[in-house]
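Asker: Next come the chains, spelled out residue by residue.
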Amino acid sequence: MSDKIIVSATINDEPTDMLVSQRDSLLEALRAAAGALGVKEGCNDGNCGACSVMLDGRLVNSCLVMAAEVEGSEITTVEGIADADHLHPLQQAFLEEAALQCGICTPGFLVAAKALLDENPDPSEHEIRYWLAGNLCRCTGYDKIVRAVQQAAAGTT
Amino acid sequence: MVTTEKPDYKVVGTRPIRHDGVDKVIGRAEYGADIRLPGMLPGAVLRSPHAHARILGIDTSRAEAHPGVRAVVTSADFPSRQGEEGEVGRADNVLAHDKVLYVGHAVAAVAAVDLHTAEDALDLIDVQYEVLPHVMDVRDAMLDGAPILDEKLRTANPDGSQGDTPTNVAQHIRYEKGDVEAGFAAADLVIEREYGTTMAHQGYIEPHNSTAYWSKDDEVTIWTSTQGLFAVRDAVAGMLGLPVKSVKVEPVEIGGGFGGKIPDYLSAPAALLSRKTGKPVQLTMSRKDVLEATGPTSGTHLRVKIGAKRDGTFTAMQAWMAYEAGGYPGSPMGAGTMCVFAPYDCENQLIDGYDVILNKPKTAAYRAPGAPASEYGAECVIDELAEALDRDPLELRMQNSATEGTQRADGFTYGPIGHEECLQAAQDSPHYQSELSGANRGRGVASGFWFNIGFETSMAAQVQADGTVPLVMGAVDIGGSRASAAMQLAEALGIAAEDVKPHIVDTDSVGFTFLTGGSRTAFANGWAAYECAMDIRRQLEERAATIWDCAGEDVSYGDDGVIRGPNDEDGAAQEFSFKELAAELPNTGGGIVGRADVSKTSHGPAFATHIVDVEVDPETGKVEILRYTAIQDAGTAIHPSYVEGQMQGGASQGIGMALNEEYIWDEKGRMVNSSLLDYRMPTALDLPMIDTIIVEVPNPGHPYGVRGVGEVPIVPPAPALHAAIYDAIGERMRMLPMSPTRILERTLPDDD
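Going line by line, the protein sequences match chains U and V.
Just so you know, we're using our numbering here: the first sequence kicks off at -14 and counts up by one.
Just so you know, we're using our numbering here: the second sequence kicks off at 22 and counts up by one.
The calculated lysine-lysine pairs, modelled on DSS-like cross-linking and capped at a C-alpha distance of 30 angstroms, are: (1) V:Lys297 - U:Lys(-11); (2) V:Lys309 - U:Lys(-11); (3) V:Lys269 - V:Lys300; (4) U:Lys(-11) - V:Lys300; (5) V:Lys31 - V:Lys522; (6) V:Lys600 - V:Lys31; (7) V:Lys300 - V:Lys237; (8) V:Lys266 - V:Lys237; (9) V:Lys237 - V:Lys269.
Don't read these hints as lab results, they were simulated from the structure.
Please read all numbers here as calculations on a predicted model, not as lab measurements.
Just need the whole structure built from these sequences, with the hints factored in.
Answerer: So this is what it looks like as structure tokens:
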């Protein structure tokens, strides 16, 4: 009766085998089979960005990717941003700038902002707002999030 | 910041990194949907496709026989189906009994081996409906001959009497002050306008979830995203017919609430499924479920009339307001009626409010519930008065502002309040002093009011031998309240905020604590933390007296955290730092726990004034916000960054409500925009930086002057934008949202 398959991918630098259903999304697989509970579900249809992850260097909504598609891929979630000893400058900036309130959107924002800074280390305010427009935050009005990204980009954290 | 007077605080007013912050930026913070328990089963909820129908029968047998399905429950599984009828839990809304009252109304729930199986099984539940006529507009629902949702409902009248015929009007409230007719007769100018607002959702990014385990000895444990651990406990115990001691609610992080996570929708069905299966069951909502079946705030219809003398003095204010409650009574109409003219001092007022049921989701609290709609109406009329009288709109508000001693129409008399200070700060702000020019550009201002509340809060803090202080509390932290409580405890003990470790604990581990809402938590938590600290200070003074072998009254605990005693035999000063005395505790009688149970009614009202500049695109009708400044009296800002965050977040929700967010229905009463693409909340690209000016007029009813900050910033944006759009294009938009479609209807030349 089982329609399950094993998908092998590198998640946050760890080779990982995920037992998934053929109809599972990458979001479901990351949370259920890989234990990456920092990847959040906000809408499950690609409109809120809470489930943002890096897939082979590309920023994606993991709810819009099928788990079965990621065989052999490299995936980075919010759990993979910091190193063992230090928070990533973006994480530190989010704390210092009070860029989170409830925190549910924070993992997606951090992954998306890191993707931005990896591509464009010195973005303008407009570029930050444009890039992050796929991530919804209902608590902050974005002001402190944008400032945190600016601060991390300026290397002042 | 604009500060009138402030003691020399060491912790209050600083910006430490919040205690729960690191877990939230590394992905380890545990939200309700992250709960994983051995043997846990996921589940799904079947919802009504009809806006109004009688349930003739539910046959669950095909679903129960489906491979992988472990249990199905309906309202028949409630032990008594009595339940609570308050804001938090209502058995009939959690699982419909004889009728469904809106599309999305829950009808049955399934637990299965995996979520997909549970969802598949929903199609196998056979519900027989007799579809009834539905009513979707608040004015239609009030008409004679409207489809009646509840044959037993009678209007509760202002005089305490009950209506004698079936109706959809659950309640009529009236507040009267002075003589409104005489007031209008004395006016040189009277403006009366009608306004409408549509339903809008709280829009928290985390969907509702609940995990429940019903043990073999009838003890129920619940993990759910809620604003009130004790509120859920009491409501679920009521719905399940269990004693309160048999329900324990565990704390989890909450991914936004804004009032919408006061009601509990999933815990009771999850518990019933757990009882049937013997396993923990987790229910989570889809985004569509969240939009169609939870929250939102009421749509309203308003008439507002204000009279003024030529010199600008308001002589009479009158409002008639109908609020959509959704399928069951209980809109925020009551608060809306008290708020409508609350920022102003006027002798003659008459306010009528109606709570009306209709075939839309049961409304829930949403940030300053009821106030954004009613105050929108009042503030827009005031903007028209300012124009007609050729007065600066801030000045006209200042002239009529409520101040200490002003009595509202509902009878409440203000203590020290900060509306005039907000208006003055707005007047003096760089934003208001700047020039705005350019085609299709305009500036608007508006004020807002919210009560803030107090209620019960319990806390305990223990002094560790190393001088650190774990602090346990029962109030859910929805946006920084652990940090604000820890800071107020630290201030009172004279220690560092980082030496306090705040925890939210389950309902068996701390005393009763009212839910997180009403902008009460920084106020009430702070007061409880202060009382905990005072309890610790008294006990530490006694301990020092024991160590120094002196009388208790010879020891004093200073605000600097130094405990001073009498000089010793050699005449040398004796004192302990907090850490030094803490280190003595294990060998001098053991540890110390400070505790507090407070229930204070001395909360301080909050006022805000916002300024906005817009540019309206005549081609598309889109309103671009060029500049925004939010000014607000916080009483005292405990952690200014999080006060600013509340002001910015509230403003952005108000902007969403004003410009874009609305429920759109088809002819069958189905919401047609139930996704976050089509229910369009502001994105980072839609907003500029939101400048903030914190005014501090301390609340004399709080040890640190706290008022509460969360709610009032959602009130001014809609009327401020109304005024700005009028200034830009000369059109008065009297229906929210002021969406591109509605603006184009007014600005495009008629095709006919």
